[in-house]
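*Asks:* Here the structure of chain A is known, so what remains is to put chain B in place on it, guided by the hints.
Listed below, chain by chain, are the residues.
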Amino acid sequence: MTKKEGFPLSRSSRATRHALASALSGVLFGAIVAASNAIAAAPAVDITKFAFTPGELTVAPGTTVVWTNHDEVPHTVASKDKRLMSKALDTDDRFEHTFDEEGDFAYYCTLHPFMTGVVHVRKP
Amino acid sequence: MKPFSPNRTDTPDADRRKALGCLAAWTGAAVVWTVAGGVPRALGATGAGHVAEASKHALTFVQISDTHIGFHKDANPDVVGSFRRAAADINALPQTPAFVVHTGDVSHLSKPEEFGQARDLLGELKVDRVHTVPGEHDAIDDGVAGYLKFFDHDGKGRAWYSFDQGGVHFIGLNNVLNFKMGHLAALGDEQLAWLKADLAGVAHSTPVVVLAHIPMWTVWEPWGWGTADAAAAIALLRPFGSVTVLNGHIHQVLQKVEGHVALHTAMSLAYPLPTPGQAGIGEPGPLKVPAGELGKLLGTRQLSVVRGKHALALIDTPLDR
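Chains A and B, in that order, give the protein sequences.
With the first letter of the first sequence counted as 1, position 53 gets the number 63 in the numbering used here; the numbers rise by one all the way through.
With the first letter of the second sequence counted as 1, position 283 gets the number 284 in the numbering used here; the numbers rise by one all the way through.
Bound-form chain A, shown alone (with noise of 0.2 Å):
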């Protein structure tokens, strides 16, 4: 996995990257690195007893979102629209999508329809 930025932060104040930091970070699931250079780990969703976890998160443009199956039995990752559409996800497998625009990405496993989630991607 590559780290990727959660936001564009590189020509802000030291003092912007903080406050930006510290308001995102009660959004963005996962820790949200404030180093000097406001890394953000990547978001996480974890697949676990068919349920994405967390089900609903909010990320800026260009965030990476990672997934990563923990249950026995294999999960998707997929839209409708099929913007998404991972592989089958064995166990331990991981699937990661790089959200480029703004929009609200609702997603759901094709083998579990039941399980959905959906991913927010707003500028900050």
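Be a bit skeptical, because a hint or two may be false.
Just the calculated beta-carbon pair ranges, DEER-fashion [stated by the list, open to error]:
#1 B:183 with A:58: 16 to 22 Å
#2 A:76 with B:204: 53 to 59 Å
#3 A:72 with B:254: 47 to 53 Å
#4 A:63 with B:168: 52 to 58 Å
#5 B:219 with A:63: 25 to 31 Å
#6 A:134 with B:191: 42 to 48 Å
#7 B:143 with A:64: 26 to 32 Å
#8 B:233 with A:58: 33 to 39 Å
#9 B:294 with A:130: 41 to 47 Å
#10 A:130 with B:168: 55 to 61 Å
#11 A:72 with B:159: 39 to 45 Å
Derived DSBU-like pairs: lysine-lysine, alpha-carbon spacing no greater than 35 Å straight-line [said to hold, decoys possible]:
#12 A:97 with B:289
#13 B:181 with A:90
#14 A:59 with B:297
#15 B:297 with A:97
#16 A:92 with B:181
#17 A:59 with B:150
#18 B:157 with A:97
Which chain B residues face chain A? A few, computed with CB under 7 Å, are given here [claimed, not checked]:
#19 142
#20 182
#21 284
No lab work stands behind these hints, which were simulated from the structure alone.
Since this is a predicted model, take the numbers as computed values, not measurements.
Beta carbons are placed, not taken as given, at the ideal position from N, Cα and C, and that holds for glycine.
*Replies:* Chain B only, in chain A's frame:
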């Protein structure tokens, strides 16, 4: 119809003899259906391992399901071994079944090597043909395209078909596509239109046997154990005097009877699943059971058509009894 015919020349006799020899003490673990007079009734292996003799005019066949070839987790590290136990059982039946039906989840991850291995394993069954329908595990990456490379029964590039044998009209359906987010799987309008046209040419006195992976009634909606538009299909079948619907997916035996329509789910040959909505279990994942218990929860089904009866005779038989 060009059904899948196992190519048994691929399996050296020596290997088969060896396999049978190992399993000779273990017979009758398959369920044979007999259709007589239109109603399937299970014959088969009683607790003593004795298989009742079918009428010589009756059609007898076997259902297996959910082999999940490629699965190798704790719930069953040896699904191939489980399949071979069932195959030995089927091959030892006193009346050779007309064919075997597999009601889906042939593979675990839709991988070509899994389909290939499954086709080779099905070739170890000493029957003329094996009729399969796809499960959702067979349709993961590119719908049923990968599955059809190995199991296109009539060469039409679709996973539904029908055929007639022994005075019975058999229909295989694909109810693992048309998934909608948050909803049950469905047959879809194209397949329902095909089913209507297919049944239009069948006399209502003809027994009908339908194969589909996911139950054709809503067993437990929160786990996706149902088919969204099953009612539309059942409505097309209701005018017939004898309808038997054979499903898999839930890895356990359940029945529902609606007038002349009898619906049956089957055991898996891979791993058990919880009962519908089982208390204390939040999701339909493989159950790990103590060593020695697994074979009691996996098994096969024998069906026979019995003349003069509108229900098929069914016998569900676990691998270990």
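*Asks:* A separate judgement is required for each hint: does it hold in the structure or not?
*Replies:* The hints, checked one at a time:
1. The supplied range of 16 to 22 Å is met by residue 183 (chain B) and residue 58 (chain A), whose beta-carbon atoms lie about 19 Å from each other.
2. For residue 76 (chain A) and residue 204 (chain B), the Cβ-Cβ distance of about 58 Å falls inside the hinted range of 53 to 59 Å, so the restraint holds.
3. Distance hint check: the CB atoms of residue 72 (chain A) and residue 254 (chain B) are about 52 Å apart, consistent with the given range 47 to 53 Å.
4. Between residue 63 (chain A) and residue 168 (chain B) the beta carbon distance is about 53 Å. The supplied range of 52 to 58 Å therefore holds.
5. At roughly 27 Å, the beta carbons of residue 219 (chain B) and residue 63 (chain A) sit within the given window of 25 to 31 Å.
6. Checking the proposed 42 to 48 Å range against residue 134 (chain A) and residue 191 (chain B) shows it holds: the Cβ atoms sit about 45 Å from each other.
7. Our hint of 26 to 32 Å for residue 143 (chain B) and residue 64 (chain A) holds, since their Cβ atoms are close to 29 Å apart.
8. For residue 233 (chain B) and residue 58 (chain A), the hinted distance range of 33 to 39 Å is satisfied, since their beta carbons lie about 35 Å from each other.
9. Take residue 294 (chain B) and residue 130 (chain A): their Cβ atoms lie about 46 Å apart, and the range 41 to 47 Å holds.
10. Separation of residue 130 (chain A) from residue 168 (chain B) is about 59 Å and conforms to the stated range, judged on CB atoms against 55 to 61 Å.
11. Take residue 72 (chain A) and residue 159 (chain B): their Cβ atoms lie about 41 Å apart, and the range 39 to 45 Å holds.
12. This hinted pair checks out: residue 97 (chain A) and residue 289 (chain B) have alpha carbons roughly 26 Å apart, not beyond 35 Å.
13. A hinted pair counts as satisfied when its Cα atoms are at most 35 Å apart, and residue 181 (chain B) with residue 90 (chain A) qualifies at roughly 8 Å.
14. Proposed proximity of residue 59 (chain A) and residue 297 (chain B) is supported: the alpha carbons are some 25 Å apart, at most 35 Å.
15. This hinted pair checks out: residue 297 (chain B) and residue 97 (chain A) have alpha carbons roughly 34 Å apart, not beyond 35 Å.
16. The straight-line distance between the Cα atoms of residue 92 (chain A) and residue 181 (chain B) is roughly 12 Å, inside the 35 Å bound, and the hint therefore holds.
17. For the proposed pair residue 59 (chain A) and residue 150 (chain B), the alpha carbon gap of about 32 Å is at most 35 Å, so the pair holds.
18. Restraint check for residue 157 (chain B) and residue 97 (chain A): the C-alpha separation of about 26 Å stays at or below 35 Å, so the hint holds.
19. Given hint, residue 142 (chain B) at the interface with chain A, holds; its Cβ is 6 Å from that chain's nearest Cβ, closer than 7 Å.
20. Because the beta carbon of residue 182 (chain B) sits about 4 Å from the nearest beta carbon in chain A, less than 7 Å, this interface hint is met.
21. For residue 284 (chain B), the shortest C-beta to C-beta distance to chain A is roughly 4 Å, which falls under 7 Å, so the interface hint holds.
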